[in-house]
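Colleague: Quick note, the sequences are listed as chains A and B, same order.
Position in the first sequence (first residue = 1) + 963 = the working numbering.
Position in the second sequence (first residue = 1) + 106 = the working numbering.
Some clues are possibly wrong.
Unchecked claim - List time: in silico DSBU-like cross-link candidates among lysine-lysine, alpha-carbon distance up to 30 Å: (1) LYS436(B) / LYS187(B); (2) LYS436(B) / LYS1072(A); (3) LYS266(B) / LYS1072(A); (4) LYS271(B) / LYS261(B); (5) LYS1072(A) / LYS271(B); (6) LYS1072(A) / LYS172(B); (7) LYS308(B) / LYS436(B); (8) LYS308(B) / LYS1036(A); (9) LYS271(B) / LYS350(B); (10) LYS1108(A) / LYS461(B); (11) LYS172(B) / LYS234(B); (12) LYS294(B) / LYS1072(A).
Just so you know, the hints here were simulated from the structure itself, not pulled from any lab data.
A quick note: this is a predicted structure, and the numbers were derived from the prediction, not measured.
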Amino acid sequence: MSPLRAAAADLQRWSAGAQPTFSLPNTTGANVALEAGRDHVVLVHFFATWCEPCREELPALNRLAARAGGNVKVLAIAVADADQRVQRFFEATPVDFPILLDRDRAVAKAWNVATLPTTFVLDASLHPRFVVETDFAWDTIDPGKLTGSFAVGADGSTSIKNASNR
Amino acid sequence: MHRREFLKAGVALAFAAELPTLARADTNFDPTPGTWRNFQVATRLEIAQPTGVSQAWIPLPSVNQKDWIKSSDSQWTTNGKATLARDPHYGAEMLHVAWTASEQPPVVEVTSRIATQDRAVDLTRPGKPAIDLAAADRKFNTTGTELIPVDGIVKQMSDKITAGKTTEIEKVHTIYEWVVENTFRDAKVRGCGIGDIASMLKTGNLGGKCADLNALFVGLVRAAGIPARDVYGIRVAPSKFGFKALGTGSEVITKAQHCRAEVFLTGYGWVATDPADVRKVVLEEPPTNLAIDDPKVAAARKTLFGAWEGNWLAYNFAHDIALPGSTGPKLAFLMYPQGETGNARLDCLDADNFKYIIKSKELAAA
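Assemble the whole structure, with the sequences as input and the hints as a guide.
Modeller: Below, the structure written as structure tokens:
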């Protein structure tokens, strides 16, 4: 795997309130609802197959979810990507989390996603806690840091840094 | 506003001020109207792996502008049900073909004829005030689209780039120079790019291809209140001026789609521009990775503000197109053949597996 960019951004604390719920078809045509992730930390990850950093980040998200052992769920949302293109991509790069198709950008727009990739970290009540509007070095983060970080730190920190920034 | 973008804007403005004194480039790149060329473009499309009912939509040349392009009728043969469809907002025409599950394999062949010629306008001559755009057309061509907003960060950047400029030509030329100076052609981008210009400005990643770079140009110009439009099409012949990057390499033009841009300058009309092709010359023209002051780049940069070569056909000006008969999403633009099978949208950029092939042939003058 190529190294993730050393300048990868940090997870920024989210303060803009709740995001709308959604239900989208996955690559096999079944609908998957955000609500299915309740009681877990959920990473809602917006991406596109044409987006180069996304292509490296998806396997890293898969490894993160595996390391978290079921405590972190990933919902990856392909934004305005052709169905066939998404299917072919994940045939070559399989992941264990659901891939949802936001064909008309409706969810991306509702969540005010301006760039790809963008990832939101939601707490167990599905309230957004962090956001990163670029690729993030998921291999550098302890999953426990995500699940246990929803209170502002004693030092008043408002972000989670990836190890490459240290 | 990113600090880096602000700084780059400043550099571009300073550079633009120097332009009138630039020496004429050594390389001859001088498109001149006067010789019409006739082309036949044939598309063969087959749904390679149909799963039930299938549909396809093939863009047809539907731009008719008396000074540079005439689109004739298209003809087709198919084992499906074909319908000529027209987008109600932009007039973009396409052939819509529907196949039942029993019609195997789904195939269509479409042949279109066009005539085109070089374009060039001398912007140093005084314009004719009578040449103006109707209010409704002016509004239509200064309004944002789904991926080309004209407010927010696009408006902010447009204002910054054009600060201190007063005339339409000054503003548009300054934006053109800013795009040439600050963007780059990214060979890794699939197809012609996506054209999400607000995302480009927000991330500061100004790399892309024609659908990105020229869309950014169009959005910045529209945000300055000046009419502009993308023109989606395909290259049909080599460049007679010797630019390998600005023409086709063979009769097979399956991946030769290219979009250009026009701006409406009062007194001059719709004016040809193509800043994305300047960046293509920088990246691809042999020996490749040319310096910005290379004579070939200088020639392209000077010429492609006001002119372009007639070795390209225009399909349409359309954005946010709903494909008739599809429940799938709108297209940001219609430049590639589109298809669906089993209600799943095919990958229009994967011509070999989709599959389709497009060929071009120059015809003898009529």
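Colleague: Next, verify each hint and record whether it holds.
Modeller: Hints, verified against the model:
1. LYS436(B) / LYS187(B): holds (22 Å)
2. LYS436(B) / LYS1072(A): holds (14 Å)
3. LYS266(B) / LYS1072(A): holds (27 Å)
4. LYS271(B) / LYS261(B): Holds: LYS271(B) and LYS261(B) sit about 15 Å apart, inside 30 Å.
5. LYS1072(A) / LYS271(B): violated (34 Å)
6. LYS1072(A) / LYS172(B): violated (40 Å)
7. LYS308(B) / LYS436(B): holds (24 Å)
8. LYS308(B) / LYS1036(A): Judged against 30 Å, a Cα distance of about 28 Å means the pair holds.
9. LYS271(B) / LYS350(B): violated (35 Å)
10. LYS1108(A) / LYS461(B): violated (47 Å)
11. LYS172(B) / LYS234(B): With Cα atoms ~18 Å apart, LYS172(B) and LYS234(B) stay inside 30 Å; holds.
12. LYS294(B) / LYS1072(A): The hint holds at about 26 Å.
Of the hints listed earlier, those the structure fails to meet are numbers 5, 6, 9, 10, in rising order.
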